[in-house]
Every structure is written in structure tokens, then in C-alpha cells.
Amino acid sequence: QQQVKQSPQSLIVQKGGISIINCAYENTAFDYFPWYQQFPGKGPALLIAIRPDVSEKKEGRFTISFNKSAKQFSLHIMDSQPGDSATYFCAASSSGSNYQLIWGAGTKLIIKP
Amino acid sequence: EPEVTQTPSHQVTQMGQEVILRCVPISNHLYFYWYRQILGQKVEFLVSFYNNEISEKSEIFDDQFSVERPDGSNFTLKIRSTKLEDSAMYFCASRLPMNYEQYFGPGTRLTVT
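So the sequences go chain by chain: V and C. For the first sequence, the numbering used here assigns the number 1 to the initial residue and increments by one for each residue that follows. For the second sequence, the numbering used here assigns the number 1001 to the initial residue and increments by one for each residue that follows.
Simulated from the structure, these hints should not be mistaken for lab results. All of these numbers come straight from a predicted model, not from anything done at the bench. Warning: the hint list may mix true and false statements.
[Said to hold, decoys possible] Restricting the straight-line Cα-Cα distance to at most 20 Å, the calculated cross-link-like pairs of lysine to any residue (SDA-like) are:
no.: 1; chain 1: V; residue 1: 108; chain 2: V; residue 2: 7
no.: 2; chain 1: C; residue 1: 1042; chain 2: V; residue 2: 24
no.: 3; chain 1: V; residue 1: 5; chain 2: V; residue 2: 61
no.: 4; chain 1: V; residue 1: 112; chain 2: V; residue 2: 5
no.: 5; chain 1: V; residue 1: 42; chain 2: C; residue 2: 1008
no.: 6; chain 1: C; residue 1: 1042; chain 2: V; residue 2: 49
no.: 7; chain 1: V; residue 1: 57; chain 2: C; residue 2: 1100
no.: 8; chain 1: V; residue 1: 5; chain 2: V; residue 2: 20
no.: 9; chain 1: C; residue 1: 1042; chain 2: V; residue 2: 85
no.: 10; chain 1: V; residue 1: 58; chain 2: V; residue 2: 41
no.: 11; chain 1: C; residue 1: 1042; chain 2: V; residue 2: 110
no.: 12; chain 1: V; residue 1: 42; chain 2: C; residue 2: 1087
no.: 13; chain 1: C; residue 1: 1042; chain 2: V; residue 2: 57
no.: 14; chain 1: C; residue 1: 1042; chain 2: V; residue 2: 9
no.: 15; chain 1: C; residue 1: 1057; chain 2: C; residue 2: 1038
no.: 16; chain 1: V; residue 1: 108; chain 2: C; residue 2: 1071
no.: 17; chain 1: V; residue 1: 58; chain 2: V; residue 2: 16
Isolated chain V (complex conformation) (with noise of 0.2 Å):
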């Protein structure tokens, strides 16, 4: 019941295209959901999350969309660029477990020029 599911795991998609990565949860518990972005050899980086209160947050070319009802959430990626490619990880947490965050397994995301 702690999984967070991610799919899928590989994604190549042309520059200027939108990317979609999809995950579930089974845990009604979590009320966080962030997304981070890894580059080989760094740490993950927060791009943006969302609470369940709202159904859709946008910033900038990153746009999360959350489906209480269906406990799902997907991140999307607005006129890809090929500094955009790297490994996204989404992830659920609450605070009944004092945040500690239950991760995806990743996407690797390739933009080709």
C-alpha cells in the first residue's frame, strides 16, 4: 500500500512535443505529491508538486494534473527541449509519516533534437 507506481519507464519524445509520465498510489494517507528531476550523477532536484486539494498545477512548461478519484498523477512536459531530458521520479508522502517520501521507479526521459 506505500508503492508509487510509474509509468513508463523510458520515454523518447521530439523536441517541441509534450512528454507524459503517469503514476499511481494506493495510499489515501498521502497528501504530497512532488516531482523531481535527476541529471546523471546529481541529486534529484524538485520541479513542482501538488496537494489533492487542487486538481491541476501549472508552472511555466511543467504542469502537473491529479485525479483523486483514480489516485492517480502525471507530470507534463510542454514544448520538450533536449535540456529537459534526464530521469524523472514522482513520489507521495504525508504527514502522518512525517514526510518521508515514497518514490517512483523513474523515467527516463530522451528529447531528440
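Given the coordinates of chain V, assemble chain C onto it according to the supplied hints.
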């Protein structure tokens, strides 16, 4: 911009040896975390720490592991007797009170031979 720092960036040790991984969280953050990432796998929670004590720990965080905040700035992870399977990237993270956002350091790559 304040950031989490970690030392060393790479540690090579022999099986059975003790290692100490060091982290300097962001200065006004009060909650601290250790995560690990085995090569090619997802990030896993190890332990959270607040007010000089462990708040939560995972099944991975067994008696071989310990954490300490020896002074006002450092946060350390000690592995008493390293095993081959402890080889991984270890990330430290910190956050403010009443704030979900965790900020990660660049990681320490631990190689146990």
C-alpha cells in the same frame, strides 16, 4: 541560493569497514532525511530525524546504521560494518518546519569492495 552539501562525493571502502557520510543541511531547516539509490533503481527512504532523534526509519535502516547531528550544522550517517549490498548513492535531504518540500544534496557514492 542555500543548498544541501554532502561529503565525500565518492567513498570506497572494504567490506566490514565503518563509513561515515556527512551532510550539511540548509541552515534554517530542522527536519533531515537520508535516502539511498542503488544504481539504476529507485530512491529509497532510510531515516528521518528531528529534534535530535529519529522520527521514522525504514526496514533498510537496521542496527548497522545510525544517524547523528554532532553539532549545529552537520548530519551524519554511519554504517558500522559495510556489506557489498550497501553500495549505492546516499542522499541527504532537509526541509523547513510546516513545509513539505525536501531539498536534496548531490549525494555520496559509496562503493563497497
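Each hint tested on the structure:
no.: 1; hint: 108(V) x 7(V); verdict: holds (10 Å)
no.: 2; hint: 1042(C) x 24(V); verdict: holds (15 Å)
no.: 3; hint: 5(V) x 61(V); verdict: violated (24 Å)
no.: 4; hint: 112(V) x 5(V); verdict: violated (26 Å)
no.: 5; hint: 42(V) x 1008(C); verdict: holds (14 Å)
no.: 6; hint: 1042(C) x 49(V); verdict: holds (18 Å)
no.: 7; hint: 57(V) x 1100(C); verdict: holds (16 Å)
no.: 8; hint: 5(V) x 20(V); verdict: holds (14 Å)
no.: 9; hint: 1042(C) x 85(V); verdict: holds (18 Å)
no.: 10; hint: 58(V) x 41(V); verdict: violated (28 Å)
no.: 11; hint: 1042(C) x 110(V); verdict: holds (18 Å)
no.: 12; hint: 42(V) x 1087(C); verdict: holds (16 Å)
no.: 13; hint: 1042(C) x 57(V); verdict: violated (25 Å)
no.: 14; hint: 1042(C) x 9(V); verdict: holds (11 Å)
no.: 15; hint: 1057(C) x 1038(C); verdict: holds (18 Å)
no.: 16; hint: 108(V) x 1071(C); verdict: violated (38 Å)
no.: 17; hint: 58(V) x 16(V); verdict: holds (18 Å)
Hint compliance for this structure: hints 3, 4, 10, 13 and 16 are not met, and every other hint is.
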